[in-house]
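Enquirer: The lines below spell out each chain.
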Amino acid sequence: MTPPTIGNTTPGRDLKRRFLWLGLAMSLGLVALAIQLYRLQLIRHEEYAAKSVANFVKEVRLRADRGVIKDARGTILVDSRPSFDAFVTPAFCTDCFEQVIPRLGELLQWDPEQRKKIEDLVRASRRNAPFQPVPVRVDLTRDEYDRLNARRDILDGVEVVPVPHRNYRADTVLSHVLGYMNEITQEELERLNGDGAKYALGDYIGRRGLERYFESKLRGQDGVRKEVVNARGQTIEELNDKLGENAVIPPTAGSNVVLSIDMRLQEEAERAFPGVTGAVVAIDVNTGFIKALVSRPGFDPNLLTGRVTPSQMATLARDPLHPMINRVAAEHYSPGSTFKVVTQLAAFKSGAFRPETVVHCSGGYRLGARVWRCHKDSGHGPLDGRGAMKASCDAWFYKVADTIGLDPIAEMGKSLGLGRPTGIGVVAEVPGIMPSSAYHDKASPGGYTKGMALNSAIGQGDDNVTPLQLALVYAAVANGGKLYKPQMVQRLENLDGQVMEEFKPEVVSKVDINPAHLKAIVEGLEAVAQEPGGTAYRAKLKSGLPADFLVAAKTGTAQVARIGTVRLKTHQMSYFERDHAWFAGFAPADKPELAVVVLNEHGGHGGVDAAPTALAVMKKYFELKAQDATSPPPRANQPYTPSLPPAPSLDEAALTRAVVPPPRVNLPGEPIQPPSETGDDSATAD
Amino acid sequence: MQLRIERRMMPHVPWGLIVCVLGVCALGIWNLASASRPPMAPVWTSQALYLGVGLGAVLMVCLVDYRWIQRMAFPIYVLNILALLALRLVGHTAKGAESWFVIGPFRLQPAEFMKIGVVLMLAKVYHDDFQPNQPSYGLVRLWKPVLVVMVPFTLVLVQPDLGTALMIFLSSGTVILFGKVRWYLAATIVAGVLVGGLIIWNDYVREMPEPRTTVVRHYLKKHQSQRISGWLDPEADLRGSGYHAAQSKIAVGSGGLTGKGWREGTQTGLRFLPEQHTDFIFSVWAEEHGFFSCLLLLVLYGGIFILGLGVGFNARDRFGAFVAVGVVATLFWQVFENIGMVIGLLPVTGITLPLMSYGGSSMLSVMLCIGLLVNISMRRHMF
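Chains A and B supply the protein sequences, listed in that same order.
Numbers 1 to 686, taken from my numbering, label the letters of the first sequence in order.
Numbers 1 to 383, taken from my numbering, label the letters of the second sequence in order.
Don't read these hints as lab results, they were simulated from the structure.
The reader is advised that the hints may include incorrect statements.
[Said to hold, decoys possible] Listed below are the simulated PhoX-like cross-link pairs for lysine-lysine, each with C-alpha atoms no more than 25 Å apart in a straight line:
no., chain 1, residue 1, chain 2, residue 2
1, A, K510, A, K485
2, A, K242, A, K51
3, A, K485, A, K519
4, A, K485, A, K542
5, A, K16, B, K221
6, B, K180, A, K16
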């Protein structure tokens, strides 16, 4: 040890002063820390406290049960069944893109395109919300579920979760009315949540029909359960006391929809309807409630609600029969002879015709240089109004059109609801067309001519109606002129069966018709079905309805393709050129209850191909009515089990096959065709 | 070399300093018991063990006369440098930095001990360099202290351990300033700080229409730039660069006046804070015990600094004074930077909080520092 030297032993006075400065500086540093602490912990405490809560509280949505849809007797047509969906949580999915997704793809048999889509989806949510499970497959089949479960060990971050899935028990039956569901789009999400709804991406939303129309009622209100999660998103149950009150808000189930449709009648209509395409609608003439509704072909809502593949979607869209269109309201057709009711009402109203007015039918009607043919080339001879209706003689109605012109007919048609929407609301509809002279002046080249009135008088030309509109016209004729709003939902119930909302019959308008005229018309319609020579007489005989049960009806055969010089037999024409078979009527004629319209698209002749269906529906309706009057009401909420044979289908070749191509003699631009003979009734024009 | 404590040294034992140190250690272990609550490993028991080892180290350091340490300063310094060099070859890589020696169950961080080496060496340089009535240090005369600092600074920086390098730089800088420099050097430092602040303000804070005219920003790589913007506004990128800063601010802020209670902190318990028992230990304390307890901790640290400086103030020679200054500056900058980063005042660097953070090397090096202070204090009136 060396002894200390003077020079380096005593720290100088200067050093001591520097110590003071240094101490001061350090104290200031600590004060600065204290000030920042004060700002964080006292001034901004609330803000950070809220943030820390937001950090660890996860809100789990408790889905509300969607309401079920039942028929008039409480049979469940649509409900929810348990199913399993596969989810990937990106945060827990290690080696997601190298291992998990390729394996998942193998197990679920994805094609490369699907895999790419899923990968993009997972990649996107890995960035944005890594703890949010991404649905990668909805509604696993039993096989897929087993396969995933068996390989759980190699599928990190993949979860199989039970999720309620919409179950359409009636398959394709009523598909257009019930609708289907699929995933909500971003725009809808923003719009609906802007209006106060609470949807999340990936939610299903009702499309078409009742599912769409009653979406807000069926949906119910979701609840919330709060959970404590740690930074990895794992739930920590021991800490649930930190959540305080209102940790769980239970969901409220959606309302149940009760239809006016009775499945027993619906089944009978489905069974009796022979057509590949077409529509049947049965409506209560005194309330406007729809009792049965067939639109064929239907689609499978279970398929569309689940995981419909793009190719299946394309097949549906390309199907020449257009299964997605509701033929009852969303498509219009030439009504053919069923329209003659309107023409005759207009004729009587004009005063120029009376029920006794006789017109001589010589097989045609001459207007100017051209002859409009009646469907019976040999002619019906002299006929009064009743006879004309019974035999569906075109000449009588040509005469009417020639005498009073198109506008009185159009006016009558419009007052009966033709040419405008019925206001049904639940399903989409088209307004149809009720042409008038003003319409033709605007729409037809060369403007309105008398010939157009002649065509329209027999339900051809530009006349276009939906089966639903026609049913309402016949219902109005039956009930003395009241035009009802068509409805198919009786009421909304809550979970316990209490009525939440009841739908009452609504009269849209009261049509001003002389009761005497109505009586004359109904007599003519009765003759159609009850008297030999009536176009529905044979069908009525074969239907098994008692002879004293009076049906008022009118058949129609609406021409689709222009007729050549030689009329072709039905089987000679390609499918899409064949005539539409119509039936419209109500029963019982003396005390009307049910109006039925049948459209057998490209089906043939009204009396043969449409009338039997309608009569079978009527028969069933009154049988059921008698049966229900004596037996106790059924137990409600029984699930519907379909007992129908598959609907008739058409192989694709038949759609385009023509045995003999229809000869085209006339120039395509020519508006009116020279008529020829066939069938019970028929007409002219395109 | 004497290895005993004489009776006449006893009145000069800095009991206040020791009480402050033990107080912080006790709070630290209690706090660690909360930060490492189940399901995490209960590391507080090992921390208690390290504290015991640390106290042993204090005693060891006290036994020898620090004049012997003064003579050994150069060998210690060289040994540390060699250790750092050896680390390049046999070091254990963790989180991209080679900072550990693994010796059996222990992991030693030589950079922690390098800090002490630098402080001792600097003190020795200033002690030996002293000539009465000389003007303060100019640029030329500074070469020795600067060399002493720059060699370890560079070595630690290339590990890369930016935080520790920064600590060496700041504490040595404090010592050099304490040793007094010419006015123009002081002015340059002040101007440099101001210009740096202005550049950051211009490049990152100032509201300016695009394209912004930046001075330095466009030379920086993206991740470097992000580090600065993440410090200035951690909430702008919560999931990425700003995550630590934002979550730790939330933890501190949500503590409020009185805190959430021991082992009740949600940020801590649910592991929203990474590194919560090492670098971010202070946020655990702040969240669970609140503002008053934070002030208490600051006061204890303040006590250590002031009493430590007091030791230097009363030291019998320049070496003792400079060692005290160096040791206190080392501790101060660590405390300041660590707490500053936890409460969002300073950018995030991997610096532990002395005596509070879990870690043997850190505890041992801090205790060696404290031992030096006690040693200097005890021997102040030996002659």
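Enquirer: So, for every hint listed, does it hold in this structure?
Expert: Comparing the hints with the structure gives:
no.	hint	in the structure
1	A:K510 with A:K485	holds, 11 Å
2	A:K242 with A:K51	holds, 14 Å
3	A:K485 with A:K519	holds, 23 Å
4	A:K485 with A:K542	violated, 33 Å
5	A:K16 with B:K221	violated, 46 Å
6	B:K180 with A:K16	holds, 12 Å
When each numbered hint is compared with the structure, violations occur for hints 4 and 5.
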